Amino acid sequence: AQSVTQLGSHVSVSEGALVLLRCNYSSSVPPYLFWYVQYPNQGLQLLLKYTSAATLVKGINGFEAEFKKSETSFHLTKPSAHMSDAAEYFCAVSEKDFGNEKLTFGTGTRLTIIP
Amino acid sequence: GAVVSQHPSWVICKSGTSVKIECRSLDFQATTMFWYRQFPKQSLMLMATSNEGSKATYEQGVEKDKFLINHASLTLSTLTVTSAHPEDSSFYICSANGDRAYEQYFGPGTRLTVT
Numbered sequence: 001a002q003s004v005t006q007l008g009s010h011v012s013v014s015e016g017a018l019v020l021l022r023c024n025y026s027s028s029v030p031p032y033l034f035w036y037v038q039y040p041n042q043g044l045q046l047l048l049k050y051t052s053a054a055t056l057v058k059g060i061n062g063f064e065a066e067f068k069k070s071e072t073s074f075h076l077t078k079p080s081a082h083m084s085d086a087a088e089y090f091c092a093v094s095e096k097d098f099g100n101e102k103l104t105f106g107t108g109t110r111l112t113i114i115p
Numbered sequence: 116g117a118v119v120s121q122h123p124s125w126v127i128c129k130s131g132t133s134v135k136i137e138c139r140s141l142d143f144q145a146t147t148m149f150w151y152r153q154f155p156k157q158s159l160m161l162m163a164t165s166n167e168g169s170k171a172t173y174e175q176g177v178e179k180d181k182f183l184i185n186h187a188s189l190t191l192s193t194l195t196v197t198s199a200h201p202e203d204s205s206f207y208i209c210s211a212n213g214d215r216a217y218e219q220y221f222g223p224g225t226r227l228t229v230t
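As given, the protein sequences belong to chains A and B, one line each in that order. Residues in the first sequence are numbered consecutively from 1, following the working numbering. Residues in the second sequence are numbered consecutively from 116, following the working numbering.
It should be emphasised that the hints constitute simulated quantities derived from the structure, not laboratory data. Careful, some of the hints might be misleading.
Unchecked claim - Going by beta-carbon spacing under 10 Å, a handful of chain B positions derived as facing chain A:
#: 1; residue: V119
#: 2; residue: F143
#: 3; residue: T147
#: 4; residue: Y151
#: 5; residue: K156
#: 6; residue: L161
#: 7; residue: T164
#: 8; residue: Y173
#: 9; residue: E174
#: 10; residue: S204
#: 11; residue: F206
#: 12; residue: C209
#: 13; residue: Q219
#: 14; residue: G222
It should be emphasised that the depicted structure is a prediction, and the values quoted were computed from it without experimental measurement. All C-beta atoms in this analysis are idealised placements derived from N, C-alpha and C, irrespective of residue type, glycine included.
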């Protein structure tokens with residue numbers, strides 16, 4: 001069974017500061033890992049994904065995440081926060097399998113940017 | 116590419132009535148579509164997985180007779196909430212697999228309010 005834990009339901013950072021959103025996963029097989037962003041009353045937009053290639057994954061809007069197997073982590077970072085980054089962020093895991101790929105989501109982290 | 120639409124974006128219905136939500140993959144064929152439910156300030160919970168031409172697979176605790184899913188073509192899946200009650204009020208989001216089975220593309224969501 002797979003699961004995702006996002007530490008910190010709310011994170012506030014100042015504009016221009018480092019953004020760090022934490023995600024730890026549990027999976028019985030090598031996982032695919034994803035970060036999604038959700039703006040109010042909208043669906044999810046894929047930020048980036050890890051699919052067993054490079055462990056440091058670069059995504060859209062300046063975000064990146066590093067897969068660390070030893071720590072079972074996939075934390076999301078951005079060097080300099082922008083006001084437009086304020087949103088809800090979800091980490092998700094999908095076990096490698098052919099057929100229906102079920103995503104299991106974390107509980108989400110609401111990112112607030114302080115002007 | 117990989118755009119998923121949902122219709123309607125919001126709907127208000129009276130208790131006891133049924134409402135249908137459409138999910139379309141606009142520029143790709145989706146053999147598998149997923150339906151999620153999201154309560155305010157909570158994560159996405161998978162309701163069911165639908166494969167084109169076959170019966171949907173429902174997650175534990177989801178009433179299949181209440182949430183009817185039809186995946187009649189490679190670009191369209193529908194979710195019908197039957198005999199809706201106020202507790203069915205929620206944000207419903209669909210997603211679809213593209214060529215890469217592990218990648219899901221999300222629709223913008225449908226907000227259902229049952230009065």
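For each hint, the structure was consulted:
At about 8 Å, the closest approach between the beta carbon of V119/B and any beta carbon in chain A falls short of 10 Å, and the interface hint on this residue holds. With a least beta-carbon distance of about 15 Å to chain A, the hint placing F143/B at the interface is violated under the 10 Å criterion. The interface hint given for T147/B is met, as the beta carbon of that residue sits about 6 Å from the closest beta carbon of chain A, less than 10 Å. Nearest Cβ of chain A to the Cβ of Y151/B: about 8 Å, under the 10 Å cut. The hint holds.
Nearest Cβ of chain A to the Cβ of K156/B: about 8 Å, under the 10 Å cut. The hint holds. Contact between L161/B and chain A, as hinted, is supported at the beta carbon level, the nearest pair being about 6 Å apart and thus within 10 Å. With a cut of 10 Å, the hint placing T164/B at the interface with chain A holds, because the nearest CB-to-CB distance is about 5 Å. About 12 Å separates the beta-carbon of Y173/B from the nearest beta-carbon of chain A, more than 10 Å, and the hint is not met.
Nearest Cβ of chain A to the Cβ of E174/B: about 9 Å, under the 10 Å cut. The hint holds. A hinted interface residue such as S204/B counts as satisfied when its beta carbon comes closer than 10 Å to some beta carbon of chain A; here the least separation is about 14 Å, so the hint is violated. Against a cut-off of 10 Å between C-beta atoms, the interface hint on F206/B holds, since the closest Cβ of chain A lies about 8 Å away. Satisfaction of the interface hint for C209/B is found here, the shortest Cβ-Cβ separation to chain A being roughly 8 Å, below the 10 Å cut-off.
Evaluation of the Q219/B hint against chain A yields a held restraint, the C-beta minimum of about 6 Å falling below 10 Å. At about 5 Å, the closest approach between the beta carbon of G222/B and any beta carbon in chain A falls short of 10 Å, and the interface hint on this residue holds.
Against the hints set out earlier in the document, violations occur for numbers 2, 8 and 10.
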